[in-house]
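Trainee: Take a look at the letters that make up each chain.
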Amino acid sequence: MANSIEAYLRELKSEMGGSDIATIQDALSDAEEHLSTALKNQQMEQPELDSQVALAAIIEQYGTPAETASAYKEVERRTSPALVRPASPKPASILGRFFGVYIDPKAWGSMLYMLISLVTGIFYFTWVVTGLSLSLGLAVLIFGLPLGLFFILSVRGLALLEGRIVEALLGVRMPRRPLFAPQGGKWLDRIKALLLDKHTWLAMLYMGLQLILGILYFTLLVVPLSISATFLMTPAIQLIYHIPVISLNGIQYFLSPGYLILCVLGGILLLTLTMHMSKGIGQLHGRFAKFMLVTE
Amino acid sequence: MEDLEQLTKKFQKEINAGIASLVLLSVLDQSKEALYGYQIAKMLDDRSENTPLMKQGALYPVLRSLEGSGLLSSMVEPSVSGPPRRYYNITAEGRQTLQVWTEVWNQTDNFVNAVLKGINNG
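Residue numbers (this note's numbering), protein chains in the order written: chain A, 1 to 296; chain B, 1 to 122.
Isolated chain A (complex conformation):
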């Protein structure tokens, strides 16, 4: 039997083994919130009661770690992550699988993510660089401290927001509530704990890297998309508007019909490959984001 809230949380964590990290985090923070509130209330009502006895009664009502873990697993089994549609059934043939990417919500989600990651990347990077240099520069002054604290808390908030975007667009389960800053104790202790928490620094690193990744993703998406669009448009441009493919020294070069068909086929091939690539990048980035923002 767990004789402290910490011990209960430890047991719950090991019982939750095999579940999604984000679900584990949800379960732990729910249990922490409930048990400490219940214990505090109990102590107010019956101050003479031994806290261990009180906790045992509270856990009896809340459920053992095993029971609680199974409740979360049950619900997790019944519901899929937010906004993720059930995986579309896989078409059997290779051709079907190749072109099936067009109806795969994951591919479209990834493309959207790659598109907006440039914007969010620039914002995150600016925020981190500005915040970090302001905090460090003003650390010697009296208002440097609250500014630094605000900056660190904002990084954690932005990390949660990025997690929500990643879950919605890439379908990777991310936490739905902020990580707990350790409670109790003095302000200075809290700031120290925030500074010692690796999540703070990993989130900051992630936000800095997001600029580079954002530029990379955006380029990797927009370049092949424009090329395949050009290929697909070539017949229309040539046949309807009579604009040559190449115009050199006054000589206009047009493609013969056979090459025009090849152009369209090439455009379709490139577009499909781009969709596959986006899907792959999206999955990789989802794993990366999870590693950086939710690691144990």
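In short, the hints are calculated from the structure, not lab data. Any given hint could turn out to be false.
[To be verified] Not the full set, but computed from the structure, chain B residues with beta-carbon under 10 Å of chain A:
(1) Lys42
(2) Tyr60
(3) Leu63
[To be verified] Derived PhoX-like pairs: lysine-lysine, alpha-carbon spacing no greater than 25 Å straight-line:
(4) A:Lys73 to B:Lys13
(5) A:Lys13 to B:Lys55
(6) A:Lys198 to A:Lys186
(7) B:Lys10 to A:Lys73
(8) A:Lys73 to B:Lys32
(9) B:Lys13 to A:Lys13
(10) B:Lys42 to A:Lys73
Ideal placement from N, C-alpha and C gives every residue a C-beta, glycine not left out.
Once you have looked at the hints, place chain B on chain A.
Mentor: Relative to chain A, chain B alone:
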């Protein structure tokens, strides 16, 4: 064969799986303000007669999944002492859903009671 107690536990768990959502929606619908998990659990304990039908810990994942499907909304507020609390509120969609579900529950209730009575009398 499993013994009666175990079978009963399993039966209760299966029933609870659906009821918990209905009960939680209803509690939040009747409440004027947002509630956090412990308050809800306390209210439900006061309502149930002898032994509570479900462990309090089992309510939280249901709250989260209701929030996930947009029937509840929530926000985290720091508390003076202890960890921050998550306050839940019912959404407009949640209220609509509750109406329909209450209807479903009443039908189920009538049906099951009718069948049970029929078996006892016949």
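Trainee: All hints are to be evaluated individually against the structure, with a verdict given for each.
Mentor: Okay, the hints, checked on the actual structure:
no.	hint	result
1	Lys42	8 Å, holds
2	Tyr60	4 Å, holds
3	Leu63	8 Å, holds
4	A:Lys73 to B:Lys13	14 Å, holds
5	A:Lys13 to B:Lys55	18 Å, holds
6	A:Lys198 to A:Lys186	20 Å, holds
7	B:Lys10 to A:Lys73	16 Å, holds
8	A:Lys73 to B:Lys32	31 Å, violated
9	B:Lys13 to A:Lys13	22 Å, holds
10	B:Lys42 to A:Lys73	24 Å, holds
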